[in-house]
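> Okay, here's what each chain looks like letter by letter:
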Amino acid sequence: MRKHKLIQLLVLIILLVPNVLMAQAVEKNTLSLNLKYFNDNNITHHLLVQAKSKIDGKFQTIPNIPVQFYIGTETDKTNLLGNGVTNERGEAIIEIPATAKEAWLKSPNQNFVVVSSATKKFDEGKGDLAITKAKLKIDTAEGKMITAKIVALVDTVWKPIAAVDVVVGVKRLGGILNANETQTYPTDSATGGVIAEFKRDSIPGDLKGNIVIIATVVDNDKYGNLSSEMIVPWGKKSVYMTNFDHRTLFARRGYSPLWLELLAYTIVVAVWSIIFYLLVQIKIIKKLGVE
Amino acid sequence: MEKLAENKIVEDLLPQKFGRQGQIWVVSLLAVCALGFYAYCRQLYYGLEVTALRDYASWGIYISNFVFFVAISLVGSLITAVLRLTDVHWSTPLTRIAEIIAVSAISFAGLIIIVDMGRPDRFYNLFTHGRLQSPIIWDVIVITTYLFISLLLLYFPLLPDLKIMIAFKERNGKWLQKLYEFLGSFWKNKPEQFKITDKAINILSITIIPVAFAIHTVTSWLFATTYRPGWDSTNFGAYFISGAFLVGAGGVLIAMYVFRTHYKLEKYITDDHFDKMGKVVVLLALVYLYFNINEFLVPAFKMKKSEEEHLMGLFTGEFSPIFWFAISASMLIPIFILVFKKGRKPKWAFFAGILVVVGSWFKRFLIVTPTLLHPFLPMHDVPKSYTTYIPTWEEWAIAGGSLAGALLVITFFARIFPIIPIHETIIETDSHEKA
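Chains F and D are the protein sequences, given in the same order. The first sequence begins at 1 in this note's numbering and counts up by one. The second sequence begins at 1001 in this note's numbering and counts up by one.
Worth flagging that the hints you see were computed from the coordinates, not collected in a lab. There may be inaccurate statements among the hints.
Claimed, not checked - Once the Cα atoms are required to be at most 30 angstroms apart in a straight line, the calculated DSS-like pairs of lysine-lysine come out as:
hint, chain 1, residue 1, chain 2, residue 2
1, D, 1163, F, 286
2, D, 1195, F, 286
3, D, 1190, F, 283
4, F, 287, D, 1178
5, F, 36, F, 121
6, F, 77, F, 126
7, F, 133, F, 36
8, F, 286, D, 1188
9, D, 1199, F, 286
10, D, 1174, F, 286
11, F, 137, F, 236
12, D, 1279, D, 1342
13, F, 286, D, 1008
14, F, 287, D, 1163
15, D, 1195, F, 283
16, F, 126, F, 54
17, F, 283, D, 1163
18, F, 286, D, 1190
19, F, 286, D, 1169
20, D, 1345, D, 1008
21, D, 1178, F, 286
22, D, 1178, F, 283
23, D, 1267, D, 1163
24, F, 287, D, 1169
25, F, 159, F, 135
26, F, 287, D, 1188
27, F, 287, D, 1174
28, F, 283, D, 1199
29, F, 287, D, 1190
30, F, 283, D, 1188
31, F, 287, D, 1195
32, F, 283, D, 1174
33, F, 283, D, 1169
34, D, 1199, F, 287
Start from the sequences and build out the full structure, keeping to the hints where you can.
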């Protein structure tokens, strides 16, 4: 009896030991949060965070991570801008709300922080970003020239900024088509501006020939992402082409080609006329039989 | 003497009551129809889910049956119109058999399409949303037209026979007598009436040929106007028509034998009729074989990658047993049997006819389904059951029920009306004797 109990205890230990060992073996991955700032047309500002982690020796984007965005520091909970959850690309976006205006106006430089709490698979994560407030302005000059100018806030004055790479182009099919062969223009030290010649004359615009030109600064270490857009009538006028109301073989009901209708209805009328003629003949035969 | 012969013909050819065999036959057909109806009720209740029809094999044995019915209906135009217009008189006893096969087959072709729709109320959409450019609309128009012409072609030659039948009031019974009187009490054998009837039959014989060609050409275009392996052919119209004439002629061989033996009509449907009809079947089988060689050899010679899977599936793959059975049964073996004089004797001809009809049904299945299971773009992200097509019992029951229904129409027609034209037989016998 005692021997049996001993065996039972031994089996129990053998079954439990691997579970205990496995429970200790679970290792969490480190989460990296990469924060970016965007100034959209000098009207709205938004933050984007991308969550990544090194899994199996490769950096992979991590979806479904809850994150909190802060302006200034995360220690003061009143600095909270909002919450988000990373999407399938590992990204979460938040527009800087109007409630953050006071914190935003405090200084020409601004810090942003993003934090995520620890989950079953990942440790807690934190990312921060320091930017200097800047504006990018787009305009046009005679002879289809596009001008763009960057100014940054120094103390309380907006001053031109030199040596920042600006992309100048046309918004097209979800991307940016360069205004000419030059990929980027560095701003000059005197005006903080760039000039690009527009060489995309044949580009299709809307019905009036309007297109959207854009100047953008991409991932600048100091100023973040800036963009400015403008509508100009430099495109080729689009003519709305449709054969929806045309008579074609592939059109909808009632829009078959006339030749087909003529042919089909002629055949149908001809054959059914014969049938009706023969029905009349039956009537005549009947009449002959009654007489 | 002439009157005696005439009486004998009338006596022989008047419709007869069902004997024991006939009753068993009718009950069996009704049972199959009832099972089909039950299966159809299940389909209406549960939807097309009860069938094996899925995203890829969206046309199965219902459409195979439809094409088969349309094909066999063409026999009406072959026997009645083509042979009549070419002044071939030996086919006279077979005209009504051919016409009733045509009428019953085309009626069930229309019905089976509604079955295939799943929800019958959707037929209404064809009138509210149908496009004149669509071959489906042409098919609806041409099937309706062909049905009306076939009914008229059945009715006009029946008028003189109705007068003969009305004379046998006691034999007919109350119900049949009323029907005969409703249909033909006005027929008085007046020369003017004959003149109009002869003219009408001639008009119908001429009209039915292009309509018959149209019905099967349009049916073939339902397939050929889509870009799919096995259907993308400019030859489909002619291929379908030649096959249709063959299956129709095979059907007539079967009907000839059944009516001859069951109603003791050996004097009217003679060995000579089997001999001649057998030769017609050989000719039609050879023509259809020629089109089959064209239809398969040319794509197989080129063996385009997109066609390869479909063709190899037929030649050596999963459909090869059905394919080689269909080719052998509908063409090769009947040719081999009927090419010999002994093979054109009634029993052998009947056997050849059965082979032609059964083989042709499977041939229609092969035209419809394998193509759908071999699309140009590979099947992707679908359940395994979507990649094959094995009809469910409901589909078999409904398809079987429709075939039984078509046979039931022919059976009841033969019970009510003379299956061999009495008046025309008397006229031809007279002219033979005078000659």
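> If a hint holds in the structure, say so; if it doesn't, say that too.
Hints, one by one, checked against the model:
Only pairs whose Cα atoms come within 30 angstroms are accepted, and residue 1163 of chain D paired with residue 286 of chain F is accepted, the gap being roughly 13 angstroms. Between residue 1195 of chain D and residue 286 of chain F the CA atoms are separated by roughly 13 angstroms; this keeps the pair inside 30 angstroms, and the hint holds. Among the hinted pairs, residue 1190 of chain D with residue 283 of chain F is consistent with the structure: their alpha-carbon atoms are about 15 angstroms apart, no more than 30 angstroms. Distance hint between residue 287 of chain F and residue 1178 of chain D is fulfilled; the C-alpha atoms sit about 19 angstroms from each other, no more than 30 angstroms.
For the hint linking residue 36 of chain F to residue 121 of chain F, the alpha-carbon distance of about 24 angstroms falls within 30 angstroms, and the restraint holds. For a cut-off of 30 angstroms, the pair hint linking residue 77 of chain F to residue 126 of chain F stands: about 15 angstroms separates their Cα positions. Between residue 133 of chain F and residue 36 of chain F the CA atoms are separated by roughly 13 angstroms; this keeps the pair inside 30 angstroms, and the hint holds. A threshold of 30 angstroms between alpha carbons decides the hint, and for residue 286 of chain F with residue 1188 of chain D the separation of about 9 angstroms falls inside it, so the pair holds.
This hinted pair checks out: residue 1199 of chain D and residue 286 of chain F have alpha carbons roughly 16 angstroms apart, not beyond 30 angstroms. This hinted pair checks out: residue 1174 of chain D and residue 286 of chain F have alpha carbons roughly 22 angstroms apart, not beyond 30 angstroms. About 25 angstroms separates the Cα atoms of residue 137 of chain F and residue 236 of chain F, which keeps this hinted pair within 30 angstroms; it holds. Distance restraint check for residue 1279 of chain D and residue 1342 of chain D: the Cα-Cα separation of roughly 12 angstroms lies within the 30 angstroms cut-off, and the hinted pair is therefore satisfied.
In summary, the hint linking residue 286 of chain F to residue 1008 of chain D is supported, as the alpha carbons are separated by about 29 angstroms, within the 30 angstroms threshold. For a cut-off of 30 angstroms, the pair hint linking residue 287 of chain F to residue 1163 of chain D stands: about 16 angstroms separates their Cα positions. For the hint linking residue 1195 of chain D to residue 283 of chain F, the alpha-carbon distance of about 14 angstroms falls within 30 angstroms, and the restraint holds. The hinted pair formed by residue 126 of chain F and residue 54 of chain F meets the criterion: a straight-line CA distance of about 15 angstroms does not exceed 30 angstroms.
The hinted pair formed by residue 283 of chain F and residue 1163 of chain D meets the criterion: a straight-line CA distance of about 17 angstroms does not exceed 30 angstroms. For the hint pairing residue 286 of chain F with residue 1190 of chain D, the CA-to-CA distance comes to about 11 angstroms; that is within 30 angstroms, so the pair holds. For the hint linking residue 286 of chain F to residue 1169 of chain D, the alpha-carbon distance of about 21 angstroms falls within 30 angstroms, and the restraint holds. At most 30 angstroms may separate the alpha-carbon atoms for a hinted pair to count; residue 1345 of chain D and residue 1008 of chain D meet this at roughly 26 angstroms.
With a CA separation close to 17 angstroms, the supplied pair residue 1178 of chain D and residue 286 of chain F stays within the 30 angstroms bound. A hinted pair counts as satisfied when its Cα atoms are at most 30 angstroms apart, and residue 1178 of chain D with residue 283 of chain F qualifies at roughly 19 angstroms. A hinted pair counts as satisfied when its Cα atoms are at most 30 angstroms apart, and residue 1267 of chain D with residue 1163 of chain D qualifies at roughly 23 angstroms. Proximity of residue 287 of chain F to residue 1169 of chain D is assessed by CA-CA distance (about 23 angstroms); at most 30 angstroms being required, the pair is judged to hold.
The hinted pair formed by residue 159 of chain F and residue 135 of chain F meets the criterion: a straight-line CA distance of about 10 angstroms does not exceed 30 angstroms. Using a Cα cut-off of 30 angstroms, the hinted pair residue 287 of chain F and residue 1188 of chain D holds, with the two alpha carbons roughly 11 angstroms apart. Restraint check for residue 287 of chain F and residue 1174 of chain D: the C-alpha separation of about 25 angstroms stays at or below 30 angstroms, so the hint holds. Between residue 283 of chain F and residue 1199 of chain D, the direct Cα distance comes to roughly 15 angstroms. Compliance with the 30 angstroms bound is thereby established for this hinted pair.
Restraint check: the Cα-Cα separation between residue 287 of chain F and residue 1190 of chain D comes to about 12 angstroms, which is no more than 30 angstroms; the hinted pair holds. At roughly 14 angstroms between alpha-carbon atoms, residue 283 of chain F and residue 1188 of chain D fall within 30 angstroms of each other, so this suggested pair holds. Of the supplied pair hints, the one linking residue 287 of chain F and residue 1195 of chain D holds, its CA atoms being roughly 14 angstroms apart against a limit of 30 angstroms. Our distance criterion of 30 angstroms between C-alpha atoms is met by residue 283 of chain F and residue 1174 of chain D, whose separation comes to about 25 angstroms.
A distance of roughly 25 angstroms separates the Cα atoms of residue 283 of chain F and residue 1169 of chain D; the hinted pair therefore holds under the 30 angstroms criterion. Using a Cα cut-off of 30 angstroms, the hinted pair residue 1199 of chain D and residue 287 of chain F holds, with the two alpha carbons roughly 17 angstroms apart.
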